[in-house]
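A.B. asks: Fit chain B to the known structure of chain A by using the hints.
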Amino acid sequence: MNMSTGAGLAERAARVAAVAEAHADDVDAKGRFPKEAVDAMRAERLLSIQISPGLGGEGASISDIAELCSLIGQACAASAMVFAMHQIKASSLVSHGEDADWHRAFMRRISDEQLLLASATTEGGIGGNLRNSICAIAVEGDRCRLEKDATVISYGAYADAILITSRSHPDAASTDQVMTVFTRDQYTLERTHVWDTLGMRGTCSDGYLFKGEAPATQILPKPFAEIAAQSMLATSHLLWSAVWYGIAVNAVARAQAFVRAAARRSPGQTPPGALRLAEASSLLQMLKSNVVEGLREFEAAKADPDRLSSMGFAVAMNNLKIGSSETILTIINHAMLICGIMGYKNGTPFSLGRHLRDAHSAQLMISNDRILGNTSNLLLVHKQDTSLVG
Amino acid sequence: MKQKIRELLAKHGGLPVAVDQVADNADLYAAGMSSFASVQIMLAIEEAFDLEFPDSLLNRKSFQSIDAIAKTVEGLTGSAEAAE
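First to last, the protein sequences are chains A and B.
In terms of the UniProt record's numbering, the numbers along the first sequence are unbroken and rise by one, the last being 390.
In terms of the UniProt record's numbering, the numbers along the second sequence are unbroken and rise by one, the last being 84.
None of these hints come from the bench; they were simulated from the model.
All figures in this text were calculated on a predicted structure; none of them were measured in a lab.
Every residue gets a Cβ at the ideal spot worked out from N, C-alpha and C, and that includes glycine.
Some hints could be false.
[What the hints assert, rightly or not] Calculated pairs, EDC-like style, for lysine to aspartate or glutamate (alpha carbon to alpha carbon, straight line, at most 16 angstroms):
1. B:K71 with B:E52
2. B:K61 with A:D306
3. A:K383 with B:E52
4. B:K11 with B:E47
[Unchecked claim] Across the chosen pairs, the derived CB separations fall in these ranges:
5. B:D55 with A:E147: 37 to 43 angstroms
6. B:G14 with A:P349: 52 to 58 angstroms
7. B:L43 with A:T217: 39 to 45 angstroms
8. B:D24 with A:D39: 52 to 58 angstroms
Chain A with its partners taken away, still in its complex shape:
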């Protein structure tokens, strides 16, 4: 990606962010889908940026996309999370569907029609482990059929297509999974759970009973184990972290505005919040380094499937997720201490309630305890990287 394209992307994302910001409080208060922001993403053709130019996209890198997640996240975390989740699904297609005719044609459709992709990996009864499925896809002749008790499908009701996991056939082991694309006209959703939550309210992550039927060619040709290891888990942790960074950046910006306003009112005196702001600035820098290093690792590993499926890479991505999801809460709490009641109250220029509530989802989107458990297992054999610059 050259600089001029990158700059163009940032300008387009800034226009989306302005729309997202204007509706962020309403989206949050009503727990409604951020339609205006997603329409703006379509208008700016941001939904196809990751797809290769040959299929109508722009071949944007993961770092480009992370920057956009952060930019939109500074305005409205729910809009940014919808954008991030769409891009995570797009990465599965870009990384694992380039060789399949149907998926290539579908990527062209995403570019032409700016289709919004959703994900259905969670299932009732699997205890949150997306690398297990109970439901199985049934292939008969050239058709496939799937029914899934999907306890969470973020913006499922608003998506143009859903990428959904299942066992690869009715006799397959629970970890022998595939991922299939179903377009809106090929499935029905019956709502089973309502998303009424503390934060990230605009993602509208309701639960549904999914029933779909489609040509069997829509099953992605690679095992889901590979898709998860090589694109989905890493891009999830990277792009989520970018959204969270955006929330934290905006919280610190509000806190800094508060401190500067106080400093201007009383020249010669350092405002009481100034020291906390310095601490928050340091934490923010650490968070940024964490995300940037994760992006660098992914860019370096992405051409090498062995590296992508290595333990060292899994540990690095797990650590990224743990680090960023925990640090944002500390940062936003600092911002709250700085802004005081003006931060605690809704409807002020320094309000931080939405930031804090949205940020609390970070530890739970794939539970940090599960991730730490996974890392602790890997560290029984994987030796910690001892290099500094690598």
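C.D. replies: What follows is chain B alone, placed relative to chain A:
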């Protein structure tokens, strides 16, 4: 060696099927080996063959099948005859 690997798989692999029904070249992950179990297998192999896997070999491919595990271990012990 493959017999020994099969013994360790039976004990630590947590496979939903009997190990003698798994072919040497079958994908163990597809057969139901979890990430947790794969680490337990690695530890058991390190102990049984008195070796240590370098980080460069700690990837999915090295432990994908009984054949792959045998090859990984052979590469470390340098003893082709041990594979018999």
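A.B. asks: The structure should be examined with respect to each hint, and the outcome stated for every one.
C.D. replies: Here's how the hints hold up against the structure:
1. B:K71 with B:E52: 14 angstroms, holds
2. B:K61 with A:D306: Between K61 of chain B and D306 of chain A the Cα gap is close to 7 angstroms, so the pair holds against 16 angstroms.
3. A:K383 with B:E52: 10 angstroms, holds
4. B:K11 with B:E47: Since the Cα atoms of K11 of chain B and E47 of chain B sit roughly 14 angstroms apart, the hinted pair holds (cutoff 16 angstroms).
5. B:D55 with A:E147: 37 to 43 angstroms: 42 angstroms, holds
6. B:G14 with A:P349: 52 to 58 angstroms: 55 angstroms, holds
7. B:L43 with A:T217: 39 to 45 angstroms: 42 angstroms, holds
8. B:D24 with A:D39: 52 to 58 angstroms: 55 angstroms, holds
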